[in-house]
Amino acid sequence: MTGVVARPDERRSRYCPVECGACGAVVLAAKFSVQHTSVQWDAAAVRQCTEFARRAAVGEQTALIERCNAMRASIEAAAVEGRLPVSPP
Amino acid sequence: MNDRSGVRSIDAGAPPTRFARGWHCLGLAGPFRDGSPHAVEAFGTKLVVFADESGQLHVLDAYCRHMGGDLTRGTIKGGSIACPFHDWRWGPDGKCTKIPYSRRVPPTARTRSWVTLEQNQQLFVWNDPQGGLPPADVTIPRIDGAYSDEWSNWTWDSLTVDANCREVVDNVVDMAHFFYIHYAFPTYFRNVFEGHIAAQYLKTRSRPDYEPDARQAAGPTTEIGLVSEAAYYGPSYMIDNLSYDYHGVPMDAVLINCHYPVTPERFILQWGVIVKKLPGLSPEQADKVAAKFAKFVGLGFQQDVDIWTHKSRIDNPLLCADDGPVYQLRRWYEQFYLDVDGIPADMVARHEFEVDTSRAVEAWEAEVAANLAARQADTSHAGASSA
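Listed in order, the protein sequences are those of chains A and B. Each residue of the first sequence is one higher than the last, beginning at 49 in the numbering used here. Each residue of the second sequence is one higher than the last, beginning at 112 in the numbering used here.
Quick caveat, the hints were computed from the structure, so don't treat them as lab data. It cannot be assumed that every hint is accurate.
[Said to hold, decoys possible] If you want the ones that stay clear, here's a sample from chain A, every Cβ over 10 Å from chain B, calculated: (1) G69; (2) T110; (3) E129.
[What the hints assert, rightly or not] Facing chain A, a subset of chain B residues (Cβ under 7 Å, in silico): (4) G306; (5) I308; (6) A432; (7) H462; (8) D467; (9) V472; (10) E476; (11) A480; (12) N482.
Ideal Cβ placement from N, Cα and C applies to all residues, glycine included.
Using the sequences and the hints, build the whole thing.
Now the structure itself:
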């Protein structure tokens, strides 16, 4: 017993799968507003991402990469096309 | 979380009963090499830090396993630390090396030695409640500026905080407190958590309503403001790469924000700054610039501490749409309190969260304008009455 409990974010996040148009990696994304974005990756998606792979190959740590631009574009497109709801919590 | 009348209750929880697994910075390495043993209260016990003949630093439990003497009050003799009580000598690996008055050292005489690391001119100890060794992939990264003549020396400061250290870690995701506590004006705020790293990308403007204040004098001074890329490497050591505008001159700085726990309800908060030397600046002048920035950072931390030592611990923060990912950060942070083989995959999976700052910027612009107008009115009033 460590006294620590991981709790879920209570804000209603309507996570939807979004597939990257560049490499096919799938993440779960949610948007509270046009500017807000929350993205949950799993290890397989991080491995599949070609932008991360290209940068990791030259010595970068993926944890220190601010974002994958192709995935961001795919998420924005999904929001614009209504496949990803933009909904306040 | 709300009771029958709709009132939200606070779940204060309780601090963890063990200390985070990971590298913890004890401070700049140099001052530990003055030929004397040093006491560090950490991880619920007392440690002794001492240098051997080659200058290599070692950390042992401070209390002598013979009769409990305090090794931090002893002396360094031939690369071992000698207890002031009966002169038992303890070597860097924790083995008893000599008992001058005895014909033989008991073969089992061994105390706890802590794994150490020197990086960036700082001393680190590895804490692992399971007794494991530090994996190479969670090591403390090298900061090139710390080894370069083009950068200043480190400043170094610390504060004792009577709160659980989760309070300082929570700052990673707390966009709005930068406005209310640190007189900054966040315009961009994004977090990425992955593996043992938790990153924060922040852009702030300066606060013209606070600028003439002494508190702001060493901080960002124009609308260009500050760009910060910060990351925790493990549970307690944050490297913050900063670019800011210093009286019209672009400055690059690295800020270390680190801590180590003393008890579950007390920690030592430490910070250090190096700045890149501007052309034409002497080393002494560069150190002064770093000291000014460190002072500005320190004033901010003092305000944090005032909040932390008066607030309630809260395990169920009530968040609004424009708050950062507090729960996701805490999920990331919990990995350091679990056995290595008990860490679920989602705890260390990559999570990105970008806060919508548009509403905050709108509200804060109005607040800044109102503060400036009020001050303008005060000044004209004062001018009128003195005339």
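Structure-based check of each hint:
no.	hint	verdict
1	G69	17 Å, holds
2	T110	6 Å, violated
3	E129	20 Å, holds
4	G306	5 Å, holds
5	I308	4 Å, holds
6	A432	5 Å, holds
7	H462	6 Å, holds
8	D467	4 Å, holds
9	V472	10 Å, violated
10	E476	16 Å, violated
11	A480	22 Å, violated
12	N482	26 Å, violated
Hint violations for this structure: numbers 2, 9, 10, 11, 12, all remaining hints satisfied.
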